[in-house]
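Engineer: Sequence lines, in order, name chains A and B.
Here the first sequence stands for residues 1 to 481, numbered as in the working numbering.
Here the second sequence stands for residues 1 to 300, numbered as in the working numbering.
Hints are computed from structural coordinates only; laboratory data are not their basis.
Heads up, the beta-carbon is just placed ideally off N, CA and C, and yes, glycines get one too.
Some hints here could point you the wrong way.
To be verified - These stretches of chain A come out as covered by chain B in the derived footprint (C-beta under 8 Å, 3 or more residues):
1. 122-129
2. 216-230
3. 424-438
As the list claims (entries may be wrong) - With the C-beta cut set under 7 Å, the calculated list includes, among others, these residues of chain B facing chain A:
4. 5
5. 39
6. 65
7. 67
8. 168
9. 269
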Amino acid sequence: MSDLSLQIAASAVAADQAQLDTAANNLANVSTPGYAQQVVNLTDFTPSTSQGVGEGVQIQSVTQSTSALDEQQNLIAQGQLGSANESAQILGLVQNSFPEPSSTALQSQLSTLWSDISNLATQPNSASAQQQVVQDASNVANTLNGTYGQLSSISQQLVNNLGGIGSSSSGYMAQANQLIGEIANLNGSIVAAQNGGQDINALSDQRRADISSLGSLLGIRTVSEVNGSVTILSGGIQLVSGTNAVKLQTTGQPATANLAVETAAGNVLPSGGKIGALLQAVNTTIPGYQSQLSNVADSLATNLNNLQSQGVSSAGVPGPTSAAAAPPYAGTTLPSIFVDNSSSTTYTTGSSSAASIAINPQLLANPALIATASGTSAAGVATIDPTTAQAMANIGQLSTGPNTIYQSLVASVGNDTAQANNTQTTTQAMANSTSAQLLSVEGVSTNEQTVNMLSAQQAYQASAAIINSTTTVLNALLAAV
Amino acid sequence: MRITDLSLTTQLSNSLQSQEQTINTLDNQLASGTTLLTPSSNPIAVSNVLGYQNQLSQINSQQANVTTAQSWLGLANSAATQTVSTMQQIRTILLQALNVGVNNSQTYNSMAQQIQGTTQQLLGLANTSYGQTQIFAGTALVNQAFSSSGTYNGNSTPFTVDVGSGSPVAVSVPGDQLFGGGTSGVQSIFTTIKNIVTNLQAGPGSASYSGLQADMTALNTNLSQAEIAADTIGESTQQVNAASTSNQNTSTELQTAISNLAAVNIANVSPTLQADMTSYQAALYAVSKAVPETLAQFIN
């Protein structure tokens with residue numbers, strides 16, 4: 001009988017020790033990502049004696065408090081948040097290329113151009129007014145080139161972040177492939193440990209953290225298998241199944257708007273997570289803005305070049321399509337104001353024209369070659385007729401003019417960015433709430449663990465007292481013999 | 001819901017983060033004086049502001065043109081007025097010359113000298129320039145609108161300036177419409193003067209009398225043409241002044257519209273910022289109290 005008390009006390013001490021250890025471990029991992037708090041599951045020994053006295057306590061298992069539902073919800077939210085964060089960040093960068101409203105950006109430079117042309121119209125033969133207009137036009141072309149270039153370099157940087165074209169071993173692609181490989185390995189280890197009756201908690205924690213990171217990168221969902229492994233799916237495509245890991249690589253390219261992520265077998269992944277947002281920006285959003293910016297350049301160049309071509313300069317040089325240039329006139333004609341690049345003499349419209357639009361070097365060298373007079377002015381006769389200059393000064397107010405197109409471009413950048421920021425805010429709130437929900441199930445509460453620790457400590461002390469008391473009783477018995 | 005350390009700290013730090021963002025935005029607004037810090041601050045307002053700024057810029061440049069137009073018209077008006085008055089002086093002298101029986105060769109010669117003297121004055125007026133530009137040469141770029149012999153060197157297209165009144169306003173008249181000659185169909189005043197002087201120098205007599213009568217008809221035509229030209233210049237001046245007033249009003253309206261959309265209302269922002277700062281401090285206090293207080297502190 002006293003032998004039994006010692007045995008019971010010993011089992012209690014072991015259980016208390018396990019509880020103390022678990023509390024200590026939980027407290028140690030209070031801020032470890034992916035850690036789910038551990039709980040010691042105790043059961044009492046089934047009495048083997050007829051008296052009905054129990055035979056102590058046994059540790060059945062140490063398990064984790066997890067919630068598959070909350071994890072799944074959180075995983076979806078992490079994928080959406082990854083996408084929203086990346087979108088908001090990219091658009092924030094893009095927006096920096098359009099610092100409007102301001103007194104120095106493109107809109108203001110266009111306004112300066114029109115104002116100075118309007119001033120030229122009041123003194124068409126003024127060399128300084130001509131010089132000013134050519135300088136303004138050159139500034140506008142430079143800003144268009146610069147803005148287009150900034151967008152290109154953002155796009156290039158994003159492609160680099162992804163890991164480059166046709167790559168699988170750097171940037172986000174490397175991260176994704178590494179996580180997929182790790183999850184497959186962990187699946188193997190967990191299945192083996194579980195079959196061998198070993199502890200899988202630490203492995204599960206690590207796998208949970210990896211899945212969460214992968215979810216933020218790609219947008220995935222998981223299916224828990226009976227054997228303890230987890231299948232990872234992106235859309236209908238399996239990324240991890242048991243210990244099989246799929247290798248991801250990029251395919252296509254931004255120039256053809258089809259940069260995407262595919263499996264080695266050639267299955268293209270649906271868009272999701274950070275990578276999805278990045279692909280959207282590189283394939284669609286940024287090229288769209290560049291194309292709109294080129295529309296600004298095209299409208300500017302086409303309108304000014306047309307008027308230039310139809311007009312006559314104050315020195316009497318006719319534009320090539322002006323009435324003054326009609327035969328018998330056979331002299332030189334005015335050059336285009338804007339050209340494709342500094343070595344070209346004509347302007348071509350297109351979706352990347354903003355990258356290369358340049359002021360004609362002939363005009364830079366001789367600003368007097370700007371048309372100010374009506375096309376019906378006589379060729380070879382100096383004139384202060386301001387008709388063409390007045391028409392040029394009004395280009396800024398045209399409903400299809402460069403200012404209007406630029407305004408709608410700024411509005412779409414603003415709208416897209418504001419929308420991305422709003423999405424980020426809502427997705428963040430949702431992710432916060434799913435994460436809080438998950439942490440409230442899986443997380444560690446210091447106070448709770450401290451209470452557990454105190455209770456284990458007291459129970460430990462009680463068990464020690466029992467051992468002491470039993471020993472005293474046994475000693476008394478021995479002394480009596 | 002069960003509260004765990006991570007859920008608590010995550011929630012607190014999210015809450016601090018969101019308050020910091022709000023305060024940062026308000027700080028930037030106050031520091032820059034505008035609520036439209038980026039296109040995404042308020043896309044519709046930014047787009048409208050860009051549109052208004054574009055209109056405002058055009059109005060400002062048209063208003064700058066008003067100054068040029070007024071200078072031209074001021075010069076043209078003064079020259080036209082003096083021209084009309086000089087022509088009237090010539091007409092007065094010519095009327096005396098036509099007064100039968102009063103004049104002799106001497107008075108005719110004296111009259112001829114007086115009228116000859118107005119030629120230089122009229123040439124000076126006809127060659128009025130704004131900067132280097134002849135204002136009575138139409139859109140022709142010439143050194144002198146009228147040569148010393150009185151020949152018109154300009155063309156018949158008036159120089160115009162866009163002051164925002166719809167179509168550009170003529171800020172002068174081509175010289176042939178004020179002084180005759182050119183393609184105006186009216187005999188040049190300089191020819192008229194030359195004829196008068198020749199007839200006067202011939203001395204009183206029936207031939208010169210009928211010549212002077214013909215000159216009177218020609219001078220009357222010159223005078224009425226000059227008066228019409230002066231009226232045209234006056235009308236243009238009124239048009240430019242009206243455009244100037246309208247530009248100023250529109251400019252004020254646009255500036256108000258821009259300010260309404262973009263300017264920071266300090267009366268609104270300051271109390272909001274104050275309130276946000278207070279709740280931020282409260283949140284900081286809550287964090288400093290909430291995080292460290294655990295049961296562990298009370299165990300010895």
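Engineer: Output the numbers, in ascending order, of every earlier hint that fails for this structure.
Structural biologist: 2, 7 and 9
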